[in-house]
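Visitor: Residues per chain, in single letters:
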Amino acid sequence: MKFNKKIMTEFLEVQQISKLFKPDREVEVVALDDINLTIGKGEFVVISGPSGSGKTTLLNIIGGLDIPSHGDIVLDGERLTGLPESKLSQIRRDHIGFVFQAYNLLPVLTARENIEYVMKLQGAGKDKAHKRSLEVARKLSIETFLDKLPHQLSGGLQQRVAVARAVAATPKLILADEPTANLDSKSASSLIDMMQKLNQEEEVTIIFSSHDPMVIEKARRSIVLKDGKIFSNICS
Amino acid sequence: MLVSVLERMREFGIMLAIGTAFRQVRVIILTEALLMGLSGLIAGMICGGLSLVYFKVYGLDLTMFSEAFEEFGMDAVTYAIIRPDYFVTAFSAVVLATIVSIYFPLRLLKRTKPVTVINEI
Numbered sequence: 001m002k003f004n005k006k007i008m009t010e011f012l013e014v015q016q017i018s019k020l021f022k023p024d025r026e027v028e029v030v031a032l033d034d035i036n037l038t039i040g041k042g043e044f045v046v047i048s049g050p051s052g053s054g055k056t057t058l059l060n061i062i063g064g065l066d067i068p069s070h071g072d073i074v075l076d077g078e079r080l081t082g083l084p085e086s087k088l089s090q091i092r093r094d095h096i097g098f099v100f101q102a103y104n105l106l107p108v109l110t111a112r113e114n115i116e117y118v119m120k121l122q123g124a125g126k127d128k129a130h131k132r133s134l135e136v137a138r139k140l141s142i143e144t145f146l147d148k149l150p151h152q153l154s155g156g157l158q159q160r161v162a163v164a165r166a167v168a169a170t171p172k173l174i175l176a177d178e179p180t181a182n183l184d185s186k187s188a189s190s191l192i193d194m195m196q197k198l199n200q201e202e203e204v205t206i207i208f209s210s211h212d213p214m215v216i217e218k219a220r221r222s223i224v225l226k227d228g229k230i231f232s233n234i235c236s
Numbered sequence: 001m002l003v004s005v006l007e008r009m010r011e012f013g014i015m016l017a018i019g020t021a022f023r024q025v026r027v028i029i030l031t032e033a034l035l036m037g038l039s040g041l042i043a044g045m046i047c048g049g050l051s052l053v054y055f056k057v058y059g060l061d062l063t064m065f066s067e068a069f070e071e072f073g074m075d076a077v078t079y080a081i082i083r084p085d086y087f088v089t090a091f092s093a094v095v096l097a098t099i100v101s102i103y104f105p106l107r108l109l110k111r112t113k114p115v116t117v118i119n120e121i
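Heads up: the protein sequence lines correspond to chains G and A, in order.
Be aware that the first sequence starts at 1, since it is given in my numbering, and climbs by one per residue.
Be aware that the second sequence starts at 1, since it is given in my numbering, and climbs by one per residue.
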């Protein structure tokens, strides 16, 4: 199989993805059951559903952080399924930005260093990384906190730094797993507004998961998962 | 060293998840481990070396036990001998301990998915 062969597809295709877990090696748990999705370039999509519906598993599989039991993921014409971890790591570095529920900033680096981290992995020079981190920080209104360490920032600010880290490296796709789960409603609303703005200004596709109705209604497309299956897929 | 690496597994998981190659993480861990080990070695060599020099010059006075020493035909004051192989052995032990201490965490990192490392380890 030639993994890197470009094929004509939508920006992101989730093809018959299933994920089975065997937590105690006897009982099989179906986390995702035959999921089919296509997502176009520049879309702002929310995946919602109750806890255990498979939102995080789906995002992890789309981002190459987990391997499906069956099916394929095709990102911008490149099939991710079956790629070795070294290649997946390269794709994550160059094309996918991640925002995690628990922020997951590197604790020993300042906000600026966290934002510049992926850019530096990509080989960006100091000046270029510095300029870009400041540009993104301004868009997220965190330019005055760039020299602080993560533990010196509130949850809302840490999550904005995490979004800045994901955006700064100019990925094709940003995956955000419950980015507002640990935030109060005002910070959550503000974060989603900022992500929406970045989605338009940076022309980056954003897929995020949430079960907060206030956050869900801000997305242009809402995919609801239930028991590992797509329950509804609505564009507003 | 092992504890230090294990405490930071989540951090390494984050690095892997956002696109750091495993070989880069391996270099970071190895470099940190060697730097920690060598810092300890240098501090130990300075303290141990100064102690050895002191006892080489002034000796260790055990005259209160002189009768017992004399029974074995030994002097009550003993002087240290400084041999280069003490330091070579210590250096080798540090390098070996470093490699052993990072081998298992690195193996765990390589075999485990980054999200599992972040959330469960």
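Honestly, the hints are just simulated from the structure, not real lab data.
A virtual CB, placed ideally from N, CA and C, is assigned to each residue, including glycine.
You may find that some hints are simply not true.
[What the hints assert, rightly or not] Computed cross-link-like contacts, DSS-like style, restricted to lysine-lysine with a CA-CA straight-line distance of at most 25 Å:
1) G:K120 with A:K113
2) A:K56 with G:K22
3) A:K110 with G:K87
4) G:K148 with G:K120
5) G:K197 with G:K186
6) G:K226 with G:K22
7) A:K113 with G:K87
8) G:K186 with G:K126
9) G:K197 with G:K218
10) G:K172 with G:K139
11) G:K197 with G:K172
12) G:K139 with G:K120
13) G:K139 with G:K197
14) A:K113 with G:K172
15) G:K126 with G:K41
16) G:K22 with A:K113
17) G:K139 with G:K218
18) G:K218 with G:K186
19) G:K131 with G:K172
20) G:K148 with G:K172
21) G:K128 with G:K139
22) G:K229 with A:K110
23) A:K110 with G:K120
24) G:K218 with G:K172
[Claimed, not checked] The following label-pair restraints were derived from C-beta to C-beta distances:
25) A:S51 with G:S141: 54 to 60 Å
26) A:N119 with G:E201: 42 to 48 Å
27) G:S141 with A:M36: 38 to 44 Å
28) G:Q122 with A:E32: 21 to 27 Å
29) G:G42 with A:N119: 50 to 56 Å
30) A:G40 with G:Q122: 25 to 31 Å
31) G:G125 with A:E120: 47 to 53 Å
32) G:G52 with A:I46: 56 to 62 Å
33) A:M36 with G:H130: 49 to 55 Å
Visitor: Are the hints correct? Go through all of them and say.
Guide: Consistency of the hints with the structure:
Between the alpha carbons of K120 (chain G) and K113 (chain A) the distance comes to roughly 23 Å, so the proposed pair stays at or under 25 Å and holds. Annotation: proposed proximity of K56 (chain A) to K22 (chain G) is violated, straight-line Cα distance about 66 Å (limit 25 Å). Between K110 (chain A) and K87 (chain G) the CA atoms are separated by roughly 14 Å; this keeps the pair inside 25 Å, and the hint holds. In summary, the hint linking K148 (chain G) to K120 (chain G) is supported, as the alpha carbons are separated by about 19 Å, within the 25 Å threshold.
At most 25 Å may separate the alpha-carbon atoms for a hinted pair to count; K197 (chain G) and K186 (chain G) meet this at roughly 17 Å. Restraint check for K226 (chain G) and K22 (chain G): satisfied, since their Cα atoms lie roughly 20 Å apart, inside the 25 Å limit. Proximity of K113 (chain A) to K87 (chain G) is assessed by CA-CA distance (about 14 Å); at most 25 Å being required, the pair is judged to hold. For the hint pairing K186 (chain G) with K126 (chain G), the CA-to-CA distance comes to about 35 Å; that exceeds 25 Å, so the pair is violated.
Distance hint between K197 (chain G) and K218 (chain G) is fulfilled; the C-alpha atoms sit about 12 Å from each other, no more than 25 Å. Under the criterion of a C-alpha separation no larger than 25 Å, the hint pairing K172 (chain G) with K139 (chain G) is consistent with the structure, at around 18 Å. Using a Cα cut-off of 25 Å, the hinted pair K197 (chain G) and K172 (chain G) holds, with the two alpha carbons roughly 15 Å apart. Distance hint between K139 (chain G) and K120 (chain G) is fulfilled; the C-alpha atoms sit about 20 Å from each other, no more than 25 Å.
At roughly 9 Å between alpha-carbon atoms, K139 (chain G) and K197 (chain G) fall within 25 Å of each other, so this suggested pair holds. For a cut-off of 25 Å, the pair hint linking K113 (chain A) to K172 (chain G) stands: about 23 Å separates their Cα positions. Taken as a hint, the K126 (chain G) and K41 (chain G) pair is broken in the structure, with Cα atoms around 30 Å apart against an allowance of 25 Å. Of the pairs offered as hints, the one joining K22 (chain G) and K113 (chain A) holds, with about 16 Å between alpha carbons and a cut-off of 25 Å not exceeded.
Restraint check for K139 (chain G) and K218 (chain G): the C-alpha separation of about 19 Å stays at or below 25 Å, so the hint holds. In summary, the hint linking K218 (chain G) to K186 (chain G) is supported, as the alpha carbons are separated by about 14 Å, within the 25 Å threshold. Of the pairs offered as hints, the one joining K131 (chain G) and K172 (chain G) holds, with about 20 Å between alpha carbons and a cut-off of 25 Å not exceeded. Between K148 (chain G) and K172 (chain G), the direct Cα distance comes to roughly 28 Å. Violation of the 25 Å bound is thereby established for this hinted pair.
A C-alpha spacing of about 17 Å is found between K128 (chain G) and K139 (chain G), which places the hinted pair at or below 25 Å, so the restraint holds. Annotation: proposed proximity of K229 (chain G) to K110 (chain A) is violated, straight-line Cα distance about 31 Å (limit 25 Å). Pair hint K110 (chain A) plus K120 (chain G) holds up; C-alpha atoms about 22 Å apart against a cutoff of 25 Å. The hinted pair formed by K218 (chain G) and K172 (chain G) meets the criterion: a straight-line CA distance of about 21 Å does not exceed 25 Å.
For the hinted restraint 54 to 60 Å between S51 (chain A) and S141 (chain G), the CB-CB distance of approximately 58 Å keeps it satisfied. Taken as a hint, the range 42 to 48 Å is violated for the pair N119 (chain A) and E201 (chain G), whose Cβ atoms sit roughly 32 Å apart. As the Cβ distance of S141 (chain G) to M36 (chain A) is approximately 39 Å, the hint placing it in 38 to 44 Å holds. Roughly 23 Å separates the CB atoms of Q122 (chain G) and E32 (chain A), a value that falls within the hinted 21 to 27 Å.
A hinted range of 50 to 56 Å is violated for the C-beta pair G42 (chain G) and N119 (chain A), which are about 30 Å apart. The hinted range of 25 to 31 Å is not satisfied by G40 (chain A) and Q122 (chain G), whose Cβ atoms lie roughly 35 Å apart. Judged by the Cβ atoms, the range 47 to 53 Å given for G125 (chain G) and E120 (chain A) is violated: they are separated by roughly 37 Å. Under the hint 56 to 62 Å, the C-beta atoms of G52 (chain G) and I46 (chain A), about 58 Å apart, fit the expected range.
Between M36 (chain A) and H130 (chain G), the C-beta spacing of about 30 Å breaks the proposed range 49 to 55 Å.
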